[in-house]
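Keeping their order, the protein sequence lines are chains A and B.
Take the position in the first sequence, starting the count at 1, then add 43; the result is the number in the numbering used here.
Take the position in the second sequence, starting the count at 1, then add 184; the result is the number in the numbering used here.
For the record, the hints were derived by calculation from the structure and aren't laboratory data.
From a predicted model like this one, the values you see are computed outputs, not experimental measurements.
We put the beta carbon where it would ideally sit given N, CA and C, even for glycine.
Please note that the accuracy of each hint is not assured.
What the hints assert, rightly or not - Cβ-Cβ distance ranges computed for the label pairs, FRET-style:
id : chain 1 : residue 1 : chain 2 : residue 2 : range
1  : A       : S92       : B       : K362      : 28 to 38 Å
2  : A       : S105      : B       : D345      : 17 to 27 Å
3  : A       : P115      : B       : A439      : 46 to 56 Å
4  : B       : E259      : A       : P79       : 54 to 64 Å
5  : B       : G222      : A       : P115      : 23 to 33 Å
6  : A       : L136      : B       : E208      : 19 to 29 Å
7  : B       : G257      : A       : L136      : 36 to 46 Å
8  : A       : E148      : B       : Y340      : 55 to 65 Å
9  : B       : D203      : A       : K140      : 43 to 53 Å
Unchecked claim - Cβ-to-Cβ under 8 Å is the rule here; a few derived chain A residues that face chain B:
id : residue
10 : W50
11 : V77
12 : T101
13 : P107
14 : Y116
15 : T130
16 : A131
17 : L136
18 : S138
19 : V150
20 : V163
21 : L164
22 : Y166
Unchecked claim - Covered by chain A, according to a simulated footprint, are these stretches of chain B (three or more residues, beta-carbon under 8 Å):
id : stretch
23 : 292-304
24 : 365-373
25 : 469-483
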Amino acid sequence: MEVPRHWRLKQQRYGLVGEVCPHCDAKIFPPRDVCPSCGGEAKTAFAFSGKGEVYSHTTIYSAPSGYDETTPYTVALVKLAEGPLVTAQLTDLGSQKVEIGMPVEMVTRRLRSDGDERGVLVYGYKFRPVLK
Amino acid sequence: MTDIIIAGIGQTSVAEHWDLSLRELAHQAIAAAISDAGGLQPQALYVGNMLAPNLSHQAHLGALLADFSNLKGIEAAALEAGGASGGAALRQGYLAILSGYVQTVLVVGVEKFTDVVGPETESALATATDSDFEAIQGLTPTAQAALLMRRYLHEYDVPADGLAGFALTAHAHSVGNKNAMFQKPISLEAYRSAELVSDPLNMFDIAPVADGAAAVLLTDRELLPPGFPHPLVKLAGSASATDSLALHDRLEPLAFQAAGTSACTALEKASLSLSDLDLFEYFDAYSIFAALSLEATGLAQPGQGWRRINEPDLLPCATLGGLKARGNPGGAAGVYQAVEAALQLRGQAGASQVPGARNALIQCLGGPASSAFSHVLTLLS
């Protein structure tokens, strides 16, 4: 059971909440309280739109424990519309071929399960192709 | 200034050592290094290891290995910097002797992979990524390398088999290295037809992980016994740098900045430049890492590392097989590099000998160059 370490990230996992720098307006995700662009303090919450595009992607066939239910799965670096890159699984792909530059949007899905009946189910962001 | 000499070297083969435990592997390398140094006794032991707390349920390796290797009583501790743990331990040895507080140090890198297999190993390896924002997404180090490789192929318009040169080079150089996992050359055709592991990474883009231990005994030159039998190899420069742990926290993921910075600083410390080097042991845990390291260190232009490896005027790299063919012994890799470079400079590298080698750069990386440790070894005349 690892409840606190997932619970305290709920805003990030469910809402893609990062920060905006009050000094240089850089958008920051994951939040880190110090702006990586200008070095100033940046604690202002900022909810990202969840829109972005695929920067790079791959498929994982040998997964860590806790991810076997969904293996194989696709992981991407997603370039968010507001700037930052984020690492996330792609989902709801169907037969769609993934390509660099493909527009994607954030959805909430189960990320992992800890196995036994008392294990934590961890939910969080994944990205899917933008619905037309 | 103190001349730090690599007085003794020792290594086990990199293999699936089912019959040997973590401590036994380490002890074999330690005993070999002490013997090679003519019995010089260390005052401190620094251990490079990445995964023992995960895979062997064993932390506290300093005391464990000092005790088991009959060195009980001396200062001992382990250092962890992901895949660069061996380099971190080597640098600790370098700093300790330069500090003046100790004169002789044993550095051992050890990793025991094969006590577990499959998902447990992947989980352990993923602890070197950002747990909250990378590993939670099911990302593994291999997938991380695949993300880099895909982007590299895309940005620089590299053909699908463009990175083949790294595996071909490694395997060609490991012939005759009896400690290597693979001692046979491979063909371009074999590379092209290899199974995809995490697209676009294929089997030959990934250094196989296995068990191993390597050790070096460092000492102040003044303490070498009369009649010391080996050519003197000096640890002439050492440097370390970090980058963001998570790949997504970088503005330019394809620039291995820590690799470049640490190599440059280590060369400066040794008063050498790139053109003085006779060999480079880069960190080819993945072929894309080797390409990006060549570019970061200035040995290739950005986007040209994949071509550069095939050019005959590039200095010899991965001279005893690199991680790809010798095998990737995790946190021991950085110490293997030191042992191999010392063999080259002593002229003891057998079939893989680089003729007349005098200056070597070795570099190990934790994650995608989130940590980088670079060392320069020179032959004293």
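Hints versus structure:
For the hinted restraint 28 to 38 Å between S92(A) and K362(B), the CB-CB distance of approximately 58 Å leaves it violated. Between S105(A) and D345(B) the beta carbons are some 23 Å apart, a value that agrees with the proposed interval 17 to 27 Å. The hinted window of 46 to 56 Å between P115(A) and A439(B) is violated, with their beta carbons roughly 30 Å apart. At roughly 38 Å, the beta-carbon separation of E259(B) and P79(A) lies outside the given 54 to 64 Å, and the hint is violated.
Separated by about 54 Å at the C-beta atoms, G222(B) and P115(A) break the suggested range of 23 to 33 Å. Separation of L136(A) from E208(B) is about 47 Å and departs from the stated range, judged on CB atoms against 19 to 29 Å. In this structure, G257(B) and L136(A) break the distance hint of 36 to 46 Å, their C-beta atoms being roughly 60 Å apart. At about 29 Å, the CB distance of E148(A) to Y340(B) disagrees with the hint of 55 to 65 Å.
At about 47 Å, the CB distance of D203(B) to K140(A) agrees with the hint of 43 to 53 Å. With 8 Å as the threshold, the beta carbon of W50(A) stays out of range of chain B, its nearest partner Cβ sitting at about 12 Å, so the hint is violated. A hinted interface residue such as V77(A) counts as satisfied when its beta carbon comes closer than 8 Å to some beta carbon of chain B; here the least separation is about 12 Å, so the hint is violated. A hinted interface residue such as T101(A) counts as satisfied when its beta carbon comes closer than 8 Å to some beta carbon of chain B; here the least separation is about 4 Å, so the hint holds.
With a cut of 8 Å, the hint placing P107(A) at the interface with chain B holds, because the nearest CB-to-CB distance is about 4 Å. Against a cut-off of 8 Å between C-beta atoms, the interface hint on Y116(A) holds, since the closest Cβ of chain B lies about 6 Å away. A cut of 8 Å between beta carbons decides the hint on T130(A): the least distance to chain B is about 5 Å, and the hint holds. At its closest, the beta carbon of A131(A) sits 6 Å from a beta carbon of chain B; the interface hint therefore holds under the 8 Å criterion.
The beta carbon of L136(A) comes no nearer than 14 Å to any beta carbon in chain B, farther than 8 Å, and the hint placing it at the interface is violated. The interface hint given for S138(A) is violated, since its Cβ lies 16 Å from the closest Cβ of chain B, which is over the 8 Å cut-off. The beta carbon of V150(A) comes no nearer than 13 Å to any beta carbon in chain B, farther than 8 Å, and the hint placing it at the interface is violated. Restraint check, V163(A) versus chain B: the minimum CB separation of about 12 Å is more than 8 Å; hint violated.
With a least beta-carbon distance of about 13 Å to chain B, the hint placing L164(A) at the interface is violated under the 8 Å criterion. For Y166(A), the interface hint is violated, since its Cβ never comes within 8 Å of a Cβ in chain B; the closest pair sits about 11 Å apart. As drawn, the stretch 292-304 of chain B meets chain A at 3 residues by the rule of a beta-carbon pair under 8 Å; at three or more, the given contact holds. Under a criterion of three residues with beta carbons nearer than 8 Å to beta carbons of chain A, the stated coverage of the stretch 365-373 of chain B fails, only 0 such residues being counted.
With a cut-off of 8 Å between beta carbons, the stretch 469-483 of chain B has 0 residues touching chain A; three or more are needed, and the interface restraint is violated.
Violated hints, in rising order: 1, 3, 4, 5, 6, 7, 8, 10, 11, 17, 18, 19, 20, 21, 22, 24, 25; the structure is consistent with all others.
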